[in-house]
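Assemble the complex: chain A is given as a structure, and chains B and C must be docked to it using the hints.
Residue numbers (my numbering), protein chains in the order written: chain A, 1 to 358; chain B, 359 to 651; chain C, 652 to 1289.
To be clear, the hints were calculated from the coordinates, so they are not data collected in a lab. Bear in mind that the values here come from a model prediction, so they are computed numbers and not experimental data. You may find that some hints are simply not true.
Unchecked claim - Derived, one-sided and incomplete: chain C residues facing chain B with beta-carbon distance under 7 Å:
#1 R770
#2 I1112
#3 S1114
#4 S1139
#5 L1283
To be verified - With a Cα cut of at most 25 Å, we get these calculated BS3-like pairs of lysine-lysine:
#6 A:K223 x A:K117
#7 C:K828 x A:K277
#8 A:K223 x B:K556
#9 A:K184 x B:K607
Beta carbons: idealized from backbone N, C-alpha and C, even for Gly.
Each chain, letter by letter, is given below.
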Amino acid sequence: MLTSPALSTPASPGRLNAIAGRSLAAMPTVWRILWRVPMLLALAALVFFVLRVLPADPMGMLLPPSATPADVKALTEALGLDKPIPVQFGIWLGNALHGDLGRTLTSGLQVTPLILKALPTTLQLIACGLLLGMVFGIGGGLLAFRYRGTRIERAVEVVNSISISVPEFLWAILLILGVGIGLKLLPFLGQLDAGLTVPNVTGFLLVDAVVAGDFAALWSALKHLALPAFALSLGIAPPLMRILHSSLLDAYTEDYVSAARLRGLSENRILVRHALKNAALPTVSMLGIQASTVIGGTLLIETIFGFPGIGSLMVNAIGAHDLPMIQGLALTYAVAVQAVNMVTDAVLLLLNPRLRTP
Amino acid sequence: MSSLALSAPAPLRRVLGEPRVVIGVGLLLLLIALAVFAPWLAPHAPNEQDLLNTVLPPAWAPGGDRSFPLGTDALGQCILSRLIYSTRVTVIIALTAPLGAALLGCTLALIAGYRGGRIEWAILRMVDLWMSFPAIVLALVLMVALSPGLLNVIVAIILVDWTRFCRVIRADVVVLRRKDYVAAARITGASHWQVVMKDIVPGILPTLISLISLEMGISVVAESILSFVGMSVEPNVPTWGVMIADGLKSVFSSPWGLIAPVGCTVLTVLATTCLGDGLRRTTDPRLFNRSGT
Amino acid sequence: MSLAHAIPYASVVTPVPPLQARPAGAVLLEARGLTVSAPGRPERLQVLRDVSFTLRAGATLGLVGESGAGKSMLGRVIARHLPDGFTVDAGTLRFGHGEGGADLLGMPAEAHRALLGARIAFIPQEPMTALNPVLTIGQQLQEHLLRLGVAKDEWRERATAMLAEVRIHQPAQVLDKYAFQLSGGMCQRVMIAMAFAGDPQLVVSDEATTALDASTQAHIVTLIRGLQERRGTGVIFVTHDLGLAAHVCDELVVLYAGEMAERGPAKRIFTRSLHPYTQALQRANPHLTGPRRLLFSLPGQMPGISDFPSLQGCRFQPRCAVATEACATAVPAMREVLPGHHVRCVHGAAAPEPLLAADASDATIFHAPRMSDAPFLQVEGLSKVYRPRSGWLRRETGVHAVKDVDLTIAPGEFVGIVGESGSGKSSLARLVMGLETPSEGRILLNGKALVARAEDWERRIASIQMIFQDARSALNPRRRVQSLVTQSMESRPNLHSDRQARARELVADVGLAPDMLTRFPSQMSGGQRQRVNIGRALCDLPQLLVADEIVSGLDVSVQAQILNLLLRIRREHKISLLLISHDLAVVRYLCSRVLVMHQGVVVESGETEAVLANPQHAYTKSLLAAVPPRDLGVRWPQ
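The shape of chain A in the complex, shown without the other chains (with noise of 0.2 Å):
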């Protein structure tokens, strides 16, 4: 679960689409990219119930431990949780699609500027972490594959399996002895050099660097990235190397590789035109079952390396128990992970032709 289910999926690209492009298949083009946004309503729906259905007392959850019973009595009847829980719901989802998302119970401030200004930072996280977690992936893949049969093959296929093995924060908390402290190689300690600063335009903290000009500020913000990204990309290197590894292989058995060959096709040839674009099917749809392991990582890598992004509030807010952020930051996170999904989708629409047409 939190390392990554890729682990348990034995890599077979054939039940990898069994599983993941089954279902799209059944689809018209259009609804198959944006059936995801229903789940999210879902998705919401899920999150409210537990959090209100599952504890015993929820007053208990949102109070202090000093509050008397009339305290009690009065922030139910404002927080409106003396109707009928349907009815809750309607009302925070109103207030949701209106981009309030109630209030922190720790600060009594809004949530959603809470989260839209944590966000970016996660973001980045995110993108960098992918970025490097695909370059490490493919790279690996083709590598193996190029040399199979070889010593190097085996010796990617045993650093993968020891990588798969360790989730990415002990890999974060590894890098930072290591490399860290060890070989004090890299800092892990927040975004920035102690002392810098960079006026925030947007919020992405290597945009406003560039924008700001700041080039000692970006190399310094590069640098605290590289250990926090390198982490979470170990979260989908690993099975992304694994998946195209193994498709490229069973690839080559198929008879239309033979056939290319018949034809007197060059080996490069085969392998990009031919083995390559079909071998992609299988590793994109890892990418987005990977999706949400990477975008659970980044919870704790920014807890460890100490960035203020969504999974440092979420912590925060789960030691407080403080319900409307949690709601709102899971929510948040389950966008997330729509979202790349949605894009996955996209992708493998583009790519395989047996989705677009009937």
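Leaving out everything else, chains B and C in the frame of chain A:
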């Protein structure tokens, strides 16, 4: 039903002969032994605080003390003892959570895959819904709702990870259901229940076993993540995750408080991955069909 | 799907590119003593031994053999794409005329690769999977044509012309389609177009028609022949069908266990084969015309490559009815016993008439036992419509797999249903068995209608059993034979000893040795698995067996064994059979009555001999015309 029993041609010998399986099982047995014999093996009680000897380095480093082989943490608790006692939580979770998740996931997968139609659609949509949340987030939300405790941690892990089983097993069930021998079983008079038990379940067993062993590692990690955030078991119970969280805070003064639990967690996960990999290789049906003759 | 019927033939729109100067009759490919070996202990296994032939420009050489004989291996040798560990140990392979030809095996890899696709082309067995599923036909054609040297702005025109030449309707539109949108026949035409695009000197057709319907097969053969004649190409035609090869090829090579058994003019081999194996092969094939004779079923099966080291002499000797002592100790040499006709047999041209098996003259096996004429199974107005899976907000009309079918079966009667793929015959079989529920119509068993109720299901499976096509998929790989054949006894309480006894009976009934009882399906051959399948269906002695294409994947000799087994079972147990097949000859051999199905409808039915001798419906006529006739004087395909 001796010779008529559904015995697999892949002998147990082959499974046990695979080095990965041996390593995995060996390490797990070691963990269980540590958990059971903890009181005799650990030099101190896990929560025994010695405030005069806080943050001591390991026995072999300068300033170390023989009675604290791996040193102490910020509250003066013996790291080695805490490490050993933590195996109890680890073992309990590793043995119960995967089975629970497997049971839930498998049951729903069998229903979905075998019945098909609307029920399958509904279950799949539920799985999609569940998997839309990053697992960590869902687990944390559940723990907030349930409040800390060992049983609740197990419940939370089951409720989060059943989807993985469901998805993979359902795909297998759909493939098996289409095989002619399932139709043949029906026309020779087997009831739906008999078909599922005798023809489908044996077919999903290899995948299931390997998934369960992988899940053992995953649930150990899950628990340590929850501990790290402070939402795991009761406050006084030592776990590797709690040790990691504590160790991170005093990483500059005594890194051993961090290295030890991290190392143990990594080793455990490696062992279960090894085991799962080995089991998958020896029970893969593709190898199955080439055996004999 | 016989789309070929629906597609009107497009005429050739652009003239064929000019032929290269190629002297007719020049030697194109010459193989001498080719020997290929595979890794093995203690010594290597020779998968191809001493194969020699000569192919001339414009001629067609047939390579005939059952599966495992090594016919595809030769194609791989030419392509220099042998499996890992396989090597060419001896022999030469020379390609082309002029100074003795180029050494195909010795030339540098780059030079050889340059030949592939341009001078030497291949047509694969499975056309749909031979095309890349994520690229359009046009993209793949473009890649091929550009490699052949066609200019960038001309490729599209050239591709359209090629597709028109292979008679693809609306070729310009097909360029933008994907492989899964085309039928098998159309995909094969595309592969043929690609093969002939570069004006090759040699084309290897590796079972190119095996995966296609009989009618499509005829069209493809015509196509290849036409293209070959226009270009003077030499063709190697690999097939397992001797009758087809006799019509298509000029010269034939019969392969058995990696060796040439016989080589000579096609027509001569077909009408008067000299090698005992070829003769046995022909007598194991059911005929569509002529008197009905019991099929000669060759005992055992072709040795696998792991058995080769134990065969010191002639590899056919263990199964040969006229083997002498010398045959077991020394490998006979290939001798030219008649002009152009070589045979590897000690008997040479004077092969004695083999003693036929004891029950060969027992024509009574064809007689159905005297039983009542009143049918026990009546199908009335049966229809089945398949609705597409969850049409989202769209009302889609379903596929009418079976439309208004009537059928009766009397005790002891063998009834056949013929049709091509998509005709609905398999759906009909599943409806009779109860694996599908009909949309309309009803089925009466012993006078009472069958409805979807639990008691009726019990009644049904007591009287009707099914033998599935794919024996491997129909047997649970984790069960032993003993458990499989008595599977129907599991749902009732039975003594263990009863079950064992019944298992022994059934295994003997289907002609398997008793030691098979403890084996798993993966440890048996295809024919043995099919026997277990039949044995299982027989366990409760049903009134009717529904057999869905049960012999289509089997070799000719194994097929003959299974067919004779069914006849014997009828004689012993008085069981009826509903046989689904695309093979008219098989249906003629077994069934006294036949129904012809086309697109879900029964177009013709009646006594088998009457329907085959005098077909009334156009579709039946076309089915019959698609089968290569035994009379080689008749031109086929028309």
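Hint check: is the beta carbon of C:L1283 less than 7 Å from a beta carbon of chain B? Violated. Min distance 40 Å.
With a cut-off of 7 Å on the beta carbons, see whether C:S1139 makes it to chain B. The hint holds - C:S1139 has a Cβ within 7 Å of chain B, the shortest such distance being about 4 Å.
Do the numbers back the hint for C:S1114, that is, is its least Cβ distance to chain B under 7 Å? violated, 11 Å
Classify the hint on C:I1112 as holds or violated, based on whether any CB of chain B lies nearer than 7 Å to its CB. Cβ of C:I1112 sits 5 Å from chain B, so the hint holds.
Would you check the hint for A:K184 and B:K607, treating anything up to 25 Å between C-alpha atoms as holding? Holds, because 18 Å separates the two Cα atoms, which is no more than 25 Å.
With the threshold set at 25 Å, check whether the alpha-carbon distance from C:K828 to A:K277 stays at or below it. OK: C:K828 and A:K277 at ~17 Å, within 25 Å.
Need the status of pair A:K223, A:K117: alpha-carbon distance at most 25 Å? Roughly 22 Å separates the two Cα atoms, so the pair holds.
Holds or violated: A:K223 to B:K556, with C-alpha atoms at most 25 Å apart: Violated, at about 58 Å.
Holds or violated: is the Cβ of C:R770 closer than 7 Å to a Cβ in chain B? Since the shortest Cβ distance to chain B is 38 Å, the answer is violated.
Checked against the numbered hints above, the structure violates hints 1, 3, 5 and 8; every other hint is satisfied.
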